[in-house]
Amino acid sequence: KQEVTQIPAALSVPEGENLVLNCSFTDSAIYNLQWFRQDPGKGLTSLLLIQSSQREQTSGRLNASLDKSSGRSTLYIAASQPGDSATYLCAAANQAGTALIFGKGTTLSVSS
Amino acid sequence: GAVVSQHPSRVICKSGTSVKIECRSLDFQATTMFWYRQFPKQSLMLMATSNEGSKATYEQGVEKDKFLINHASLTLSTLTVTSAHPEDSSFYICSARRRTGATEAFFGQGTRLTVV
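Chains as they are written, first to last, in the working numbering: chain U, 879 to 990; chain L, 153 to 268.
Looking at chain U on its own, in the form it has when it is part of the complex (with noise of 0.2 Å):
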């Protein structure tokens, strides 16, 4: 069964520091992986999706990353600003329109 695990579960950086956040999961064999934010007492805004066959896709000051092989993927966040505080959860999909597994997610405070 698909497990998936976050570190750190809570982060505080300063505004204009580049950060990783970290996702791991425990069956490679994967279909693809997503990243979203989640504000308090809010939905999911979806910030990049990877399919299986790709190493990493970028999106603005987002990049995320996907080694399949160690059961990893990061999420690195360029130059923070007050505006990404937020939870970012990782999850994961083992199949083709199936469900996504989701990580407890990393909350992230960037002060100004």
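Just so you know, these hints were derived from the structure itself, not from any lab. Quick reminder that beta carbons are idealized off the backbone N, C-alpha and C, glycines included. A few of these clues could be false.
Here are the simulated DSS-like pairs of lysine-lysine, each with C-alpha atoms no more than 25 Å apart in a straight line [claimed, not checked]:
1) L:K166 <-> L:K218
2) L:K166 <-> L:K207
3) U:K879 <-> L:K193
4) U:K879 <-> L:K207
5) L:K218 <-> U:K946
6) U:K982 <-> U:K946
7) L:K193 <-> L:K218
8) L:K172 <-> L:K216
9) U:K879 <-> L:K216
10) U:K920 <-> L:K207
11) L:K207 <-> L:K172
12) U:K982 <-> L:K207
13) L:K193 <-> U:K982
To give a feel for the contact side, a few chain U residues facing chain L, derived at Cβ under 7 Å [said to hold, decoys possible]:
14) A977
15) F980
16) K982
Since chain U is already given, all that's left is putting chain L on it; use the hints.
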């Protein structure tokens, strides 16, 4: 991206009553929808997978008679929490995929259920 609308966003109900939550895919057809539950400071836990025109598949430990799921059309799935109790208070969120085999999952805004 595709839009998934969930309603209501917040609901407070009395213990013993039933609450219905709707999940709609506004600009695409979703053959499969998923229902998740999130307790405070916890991750999203899959409750059930809803397929249009067939019975939902529930995850282990989720009572199918308590959490009724109906997916009557390609754009609408509903979750009814029957005989709600305070321990059912949680954040419920749905997800939909455009079609079978599609890659990206889109999520609704979530419903905060409080049972008093």
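Practice task
Please name the hints from earlier in the document that this structure breaks, with their numbers sorted from lowest to highest.
Solution key: 2, 5, 10 and 12
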